[in-house]
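Enquirer: The lines below spell out each chain.
Number of protein chains: 2
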Amino acid sequence: MKKLLLLLLVAPFIANAQDEDSIFIKKLSDEILRNGKAYNLLRQLTKQVGGRLAGSPQMVQAEQWGLKTMKEQGAELAYLQECMVPHWVRGTGDKVLVSTIDGKIATKQLDACALGNSLGCSKTIIADIIAVADFDELEKRKDEVKGKIVYYNAGFNPTNIRPFKSYGESGIYRRNGASRAAKYGAVGIMIRSLTESTDNNPHTGSMVYNDSFPKIPAVSLGFQDADYVWQLSRKSSVKVSLLTHGQMLSDTIGHNVIGEIKGSEFPDEYITIGGHLDSWDLAEGAHDDGTGVVQTMEVSRAFKALGYKPKHSIRFVLFANEENGTRGAEKYAEVAKEKKEKHIFALESDAGGFTPRSFGLTMSNAQMEKMQPWLKLLKPYGTEDLLAGGGGADIGFLNKAFNTPLAGLEPDGQRYFDVHHARNDVFENVNKRELLLGAVNMAGLVYLVDKYGL
Amino acid sequence: MKKLLLLLLVAPFIANAQDEDSIFIKKLSDEILRNGKAYNLLRQLTKQVGGRLAGSPQMVQAEQWGLKTMKEQGAELAYLQECMVPHWVRGTGDKVLVSTIDGKIATKQLDACALGNSLGCSKTIIADIIAVADFDELEKRKDEVKGKIVYYNAGFNPTNIRPFKSYGESGIYRRNGASRAAKYGAVGIMIRSLTESTDNNPHTGSMVYNDSFPKIPAVSLGFQDADYVWQLSRKSSVKVSLLTHGQMLSDTIGHNVIGEIKGSEFPDEYITIGGHLDSWDLAEGAHDDGTGVVQTMEVSRAFKALGYKPKHSIRFVLFANEENGTRGAEKYAEVAKEKKEKHIFALESDAGGFTPRSFGLTMSNAQMEKMQPWLKLLKPYGTEDLLAGGGGADIGFLNKAFNTPLAGLEPDGQRYFDVHHARNDVFENVNKRELLLGAVNMAGLVYLVDKYGL
Numbered sequence: 183m184k185k186l187l188l189l190l191l192v193a194p195f196i197a198n199a200q201d202e203d204s205i206f207i208k209k210l211s212d213e214i215l216r217n218g219k220a221y222n223l224l225r226q227l228t229k230q231v232g233g234r235l236a237g238s239p240q241m242v243q244a245e246q247w248g249l250k251t252m253k254e255q256g257a258e259l260a261y262l263q264e265c266m267v268p269h270w271v272r273g274t275g276d277k278v279l280v281s282t283i284d285g286k287i288a289t290k291q292l293d294a295c296a297l298g299n300s301l302g303c304s305k306t307i308i309a310d311i312i313a314v315a316d317f318d319e320l321e322k323r324k325d326e327v328k329g330k331i332v333y334y335n336a337g338f339n340p341t342n343i344r345p346f347k348s349y350g351e352s353g354i355y356r357r358n359g360a361s362r363a364a365k366y367g368a369v370g371i372m373i374r375s376l377t378e379s380t381d382n383n384p385h386t387g388s389m390v391y392n393d394s395f396p397k398i399p400a401v402s403l404g405f406q407d408a409d410y411v412w413q414l415s416r417k418s419s420v421k422v423s424l425l426t427h428g429q430m431l432s433d434t435i436g437h438n439v440i441g442e443i444k445g446s447e448f449p450d451e452y453i454t455i456g457g458h459l460d461s462w463d464l465a466e467g468a469h470d471d472g473t474g475v476v477q478t479m480e481v482s483r484a485f486k487a488l489g490y491k492p493k494h495s496i497r498f499v500l501f502a503n504e505e506n507g508t509r510g511a512e513k514y515a516e517v518a519k520e521k522k523e524k525h526i527f528a529l530e531s532d533a534g535g536f537t538p539r540s541f542g543l544t545m546s547n548a549q550m551e552k553m554q555p556w557l558k559l560l561k562p563y564g565t566e567d568l569l570a571g572g573g574g575a576d577i578g579f580l581n582k583a584f585n586t587p588l589a590g591l592e593p594d595g596q597r598y599f600d601v602h603h604a605r606n607d608v609f610e611n612v613n614k615r616e617l618l619l620g621a622v623n624m625a626g627l628v629y630l631v632d633k634y635g636l
Numbered sequence: 183m184k185k186l187l188l189l190l191l192v193a194p195f196i197a198n199a200q201d202e203d204s205i206f207i208k209k210l211s212d213e214i215l216r217n218g219k220a221y222n223l224l225r226q227l228t229k230q231v232g233g234r235l236a237g238s239p240q241m242v243q244a245e246q247w248g249l250k251t252m253k254e255q256g257a258e259l260a261y262l263q264e265c266m267v268p269h270w271v272r273g274t275g276d277k278v279l280v281s282t283i284d285g286k287i288a289t290k291q292l293d294a295c296a297l298g299n300s301l302g303c304s305k306t307i308i309a310d311i312i313a314v315a316d317f318d319e320l321e322k323r324k325d326e327v328k329g330k331i332v333y334y335n336a337g338f339n340p341t342n343i344r345p346f347k348s349y350g351e352s353g354i355y356r357r358n359g360a361s362r363a364a365k366y367g368a369v370g371i372m373i374r375s376l377t378e379s380t381d382n383n384p385h386t387g388s389m390v391y392n393d394s395f396p397k398i399p400a401v402s403l404g405f406q407d408a409d410y411v412w413q414l415s416r417k418s419s420v421k422v423s424l425l426t427h428g429q430m431l432s433d434t435i436g437h438n439v440i441g442e443i444k445g446s447e448f449p450d451e452y453i454t455i456g457g458h459l460d461s462w463d464l465a466e467g468a469h470d471d472g473t474g475v476v477q478t479m480e481v482s483r484a485f486k487a488l489g490y491k492p493k494h495s496i497r498f499v500l501f502a503n504e505e506n507g508t509r510g511a512e513k514y515a516e517v518a519k520e521k522k523e524k525h526i527f528a529l530e531s532d533a534g535g536f537t538p539r540s541f542g543l544t545m546s547n548a549q550m551e552k553m554q555p556w557l558k559l560l561k562p563y564g565t566e567d568l569l570a571g572g573g574g575a576d577i578g579f580l581n582k583a584f585n586t587p588l589a590g591l592e593p594d595g596q597r598y599f600d601v602h603h604a605r606n607d608v609f610e611n612v613n614k615r616e617l618l619l620g621a622v623n624m625a626g627l628v629y630l631v632d633k634y635g636l
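Residue numbers (the numbering used here), protein chains in the order written: chain A, 183 to 636; chain B, 183 to 636.
Check before you lean on any hint, since a few could be wrong.
A pair holds if it fits inside one copy or across any two, identical chains being indistinguishable in the list.
Below are the DSS-like pairs computed for lysine-lysine, each with C-alpha atoms no more than 30 Å apart in a straight line [said to hold, decoys possible]: (1) 522 <-> 208; (2) 277 <-> 219; (3) 444 <-> 347; (4) 219 <-> 491; (5) 290 <-> 347; (6) 305 <-> 209; (7) 493 <-> 365; (8) 347 <-> 558; (9) 417 <-> 519; (10) 208 <-> 561; (11) 519 <-> 347; (12) 305 <-> 552; (13) 561 <-> 347; (14) 347 <-> 522; (15) 277 <-> 491; (16) 347 <-> 209; (17) 397 <-> 250; (18) 322 <-> 552; (19) 558 <-> 208; (20) 397 <-> 524.
In short, the hints are calculated from the structure, not lab data. Quantities reported herein were computed from a predicted structural model and do not represent experimental measurements.
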């Protein structure tokens, strides 16, 4: 009865607050959809800078662009935060040829690319291939592996509704496939690209060597060429000629780009919003993660344009090195810890600039429950769920350091792996409205966290 | 208390049934995502047939393709249903040039296309333009209109979250703009294309003349050229040279393509699923509505592949003439009425082959309430809402004739008007998984309606 009475007393205030919030989020939406700069900024980043792997001259350009743009988009303060980053270079002249051992089928050059962090070979490797469906088959046939190039045919499971689930399941072949094969004496590996796209663009991405085994070259094949190699290997003995030039140079200097708006009530409590500025070298890094970068700055711009003064300090962070080291994120959390900062929330956009559908959350049940009533405020803009699980590779370090609650923007994922880490991750494959709607939902969520805490 | 008791008794059965349904819908999903033919069928329709306006030779080809494919995709019976259709032809050599009256700015050819059903001019019309924001401005300036070409600048409202809402608001300029201007003596009109796309492709679509006024030519401008004309008209007097060749020939014969699976329990009660086979002439009609066509046949294929025997008879209908007359749909409902058929439900897919998000419903509140518990069965596949309002232009005739409850597939709409009725509505702009997921949700909904009725 007491509870009911309390509810009756409090209800009008809740309703009022919700109206106020709903009005303000509509203002944010109108501002972003009408005057948003994110699309044009993305054009600058992708077309004027282009691919920008940590350590590359393009990444230095990107940092300067980020610093300048961060100030223009409404941050009161913008600066670079230095960190050491890995420095992998692809080199030039990579080539993968396939032929049957009996010579009956003409040699074909495959559309392939070296996996990120993989090391090249001093000269062309020519070896028979052993084509396996997965690690289980590799283990069963381990005695056949010595001196061969292993081809892993493990593709996405098409029955998964969320392609990210498939990426989670098949990603292990890219990351660990080389060392698992090298353990049995393989001299190189090829994987099926982590995609369901029907084109033939090969997809790169991070791999790691296990120091216990030889560091053999590793490449990824386009979808059609993967089919070709797999089918050829079903009926013939196949050999491959493989030449790659990857090199891991000494660590070098990189920077996070950080913008800040000071909190009016809790200046020492931080909300972080971010995406990563680096990208793989072979594309423009539009969806991965140019879109997260420009959405982050769009939130800053919209707050400024509406004269919104946040209670908490807000940091807009363009992380230096998500793709092959997360060293930028590590540094950001490390410095925050040294300075004994209080980090109350972090939000990341690193799943493409597609129509927003949900936020994935890493936080306590109590915090998640607190967020649920906000769902109806965000639903008109596309957010249909606030679900457990998610966040982001970069903001993950804040959670480890401070137990900071995390949210990751989860846009519709069906097209993401068509372009992810491939040469077609270009500006032209980003839709302006989808991109801006992501920023609308991000701005709305940050506003609510800033206003009500977690 | 009685109700509670009943609930306690019934609950386990409900739970059981939901499990069974959930298992079967998962099977449908797996079948479609693993073995779906829709994408390859769409490639055939768009690349082998191409644009296929009612009355065109391509539409005859499309009907033959549809009939053959309908049988191959699992219909027990497939046939053509004759109807008369309008026969508009664009002709060739359309040209729109713009220049300033003072000759200070060089003449520019605009990327323009005649609106569907509009009539050409016997010779080039050269006239000053009067550029207006909307009908309100036209009315205010009606005395200036005589002898001029009216340019309507009414574009989409970017703050609408759903582009279909914007289309609803601005579509009236395409449909009625010509006669509203002709009333005041205009000699031609130009409109801003109904799109928010940043490219310059002009978008066609149906217009209608009011017989009380002269039938003047009407064209649509690409987005960039619309901006150009509008801005030019703000600072200079502008004239336009306009030549179009549209002709409305005598009505001709067209056909709906109909496939059927006979119901095992209620063979005389029909569920209709459909999309429209016709498209505008200047594109491949991929999203509009090749995707609806192939999704419709995918549902048929998946039912057959899983050995599903529906209780009700199911009709898979490829409508003959959605774009400029809806005569196929009219005929379908007319024949059904003559035969005193019972139509218990109809589902249409005509909003693009994008990731499914909801179904829009036209039915009684009681029917809508009956559907709500199904939401959790469809949610894993993308359907987040079952909302009032929606259906489709073709199945609308069944609702008028029989009060048949309707559902329309509502995919994510952000990209639809980038390609709608424009030359870039091509196969390459359809994503395979998004297309198949639409079919999954359609199949699931039809299965539930078939099993439980409405």
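Enquirer: Check each numbered hint from earlier against the structure, then list the numbers of those it violates in ascending order.
Expert: Numbers 1, 2, 3, 5, 6, 7, 9, 11, 12, 14, 15, 17, 18 and 20 - these are the hints that the structure violates, sorted from lowest upward.
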